[in-house]
Amino acid sequence: MYHRDMILTRPARPRLLAALLVLGSLSSGMISPAHAEINEKAQMLLGNPDKATSDSKNKKHFLVRRPQFAMSYNDALRWPNWVSWKLDAGDIGREPRSQFQPDSSLPEGYTVITPGDYTRSGYDRGHNCPSADRSARAEDNKAVFLMSNMTPQAHGMNAGPWEGLESECRTLARRGHSLHIIAGHGFSSPSYGTIGKKKIAVPDFSWKVVVVAPKSGKVDADCRVIAVRMPNNNTISKKRWQEYVTTARELEKATSLTFFDVLPANIAAALRAKKDSDRKEISIASSPSTTPPQGSGPDKQGGSGAASSELSIEEATKKGFVWVNLSSGKYWMPGTQYYGLTKRGKFMSEADARAAGYVAVKGQ
Amino acid sequence: MPVVKSIVKALRSASKGLLYTSESDAKLTALAWSAEQTGGAKTPLEAVAKVAGVSSSEVKSVSLENFFDPMATPQDWWGEDEKETGTRFQELKKTLASLEDSAAFRVGDGPDIDVYIVGRDPGDSGGYSGVKTRVTET
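Top to bottom, those sequences are chains A and B.
Taking the numbering used here, the leading residue of the first sequence gets 1187, the next gets one more, and so forth.
Taking the numbering used here, the leading residue of the second sequence gets 14, the next gets one more, and so forth.
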């Protein structure tokens, strides 16, 4: 159950809201959060991009607020205009994946989409709020498997660079950041194709805006913003999410949405203009990327012994690679302070590192 | 022409036209491995690792119940299509359960995961049979 009457119908005064943001975020900005904020208020802190309302007659902009995420559901498209959620390390756990189910809580008169409505369509049931972002508790994972959280996504995008950015967000969350994420989809022209008897619209592109709040939790003009727009087709399966970086302002123009409407105007303007680029803390040599879908490319067998500067910290940790700091000639083990983070460096197996003359950092 | 094991014929017919639901939809394809193909593997997990070309540690097993539950156990929102498919998945599961130590074996971490649902053939042949499919988990 969720409370539709908890919606803010107009933005709270900026100063008060900023204070609430700081207070609310401080408690979740801790490095090892035992309890993540899984309540309705926490999921929509960046605003209401299309001024959706909880009036069931507002069928193209129907506001749904759950503890796990907020969304503006569009009954005409059969998927959300946007879904917004907060991501912290405490949201990520080991719950087994739930099952796809129709969302029976949509108001009467709305078309209920079932998992079968996507079968043989040529498109994936693409999660807006991903499963792994809500994997700490079974009831939270169940909520993201409701079909109202799905949009037809080309497999090459869904399992390719879209998944790559989803993984990167969780990596940032595990490092202690609080992420505010909004995702949705758009059209390049007025007409669009549909799938199935219930005519589920097929979008031309998917977009996402990620605001990375630092460990203190404060959302301000200093926050990193990752905005992407990815074409909804299979040709991009081997591309990296970094190739689709844009600004929130460009996404506003492409979708008629407004981001950050509840933030102070100067902060909103600053965040809208940000275009993500390689950060100082992550060197060019270690920019995270997606791995190609299984079964394709030369790495199928695990690429043993191959040095790689294209892996994310998570992927390299899984492979048991060490991180060689090329400037110092010393290497770091997974989980250590500078693993994957020095300015000049690369991942490789420990055997290769030693063979090349690199030495382990003492006292790890 | 090699003789097609009767179990493989049964699996082909049981899986014909079925699609396993994950984020994507995938066919289930019947397979048969000889003892040689699996390098004399003593367990289905080892057989899968050998044929998939990965180490055993990269293979995770899941019970038949667990793997087929979403497709075979009726849900209150199921319509006629789902019920029909559900019955067919029950049959497929039963056929697979007739193989020894059968389970679903997942290879790798995703987002695309090959799943081999295999068991040892009854008797001394050392062969394995089953079906292969794929799930998408992002």
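Just so you know, the hints here were simulated from the structure itself, not pulled from any lab data.
Incorrect hints may appear among the rest.
Unchecked claim - Each computed BS3-like pair below joins lysine-lysine, with the alpha-carbon atoms no more than 25 Å apart:
id : chain 1 : residue 1 : chain 2 : residue 2
1  : B       : K55       : B       : K96
2  : A       : K1504     : B       : K22
3  : B       : K55       : A       : K1385
4  : B       : K22       : B       : K55
Claimed, not checked - A short, non-exhaustive set of chain A residues, derived as facing chain B with CB atoms under 7 Å:
id : residue
5  : S1291
6  : G1302
7  : G1308
All of these numbers come straight from a predicted model, not from anything done at the bench.
Each residue gets a CB set at the ideal place from its N, CA and C atoms; glycine is no exception.
Cross-check of the supplied hints:
For the suggested pair B:K55 and B:K96, the alpha carbons sit about 37 Å apart, so the restraint of at most 25 Å is broken. About 39 Å separates the Cα atoms of A:K1504 and B:K22, which puts this hinted pair outside 25 Å; it is violated. For the proposed pair B:K55 and A:K1385, the alpha carbon gap of about 50 Å is over 25 Å, so the pair is violated. Taking the CA atoms of B:K22 and B:K55, the gap is near 24 Å; set against the 25 Å cutoff, the hint holds.
With 7 Å as the threshold, the beta carbon of A:S1291 stays out of range of chain B, its nearest partner Cβ sitting at about 12 Å, so the hint is violated. Given hint, A:G1302 at the interface with chain B, holds; its Cβ is 6 Å from that chain's nearest Cβ, closer than 7 Å. Interface hint status for A:G1308: violated, as the beta-carbon distance to the closest one in chain B is roughly 9 Å, over 7 Å.
Violated hints, in rising order: 1, 2, 3, 5 and 7; the structure is consistent with all others.
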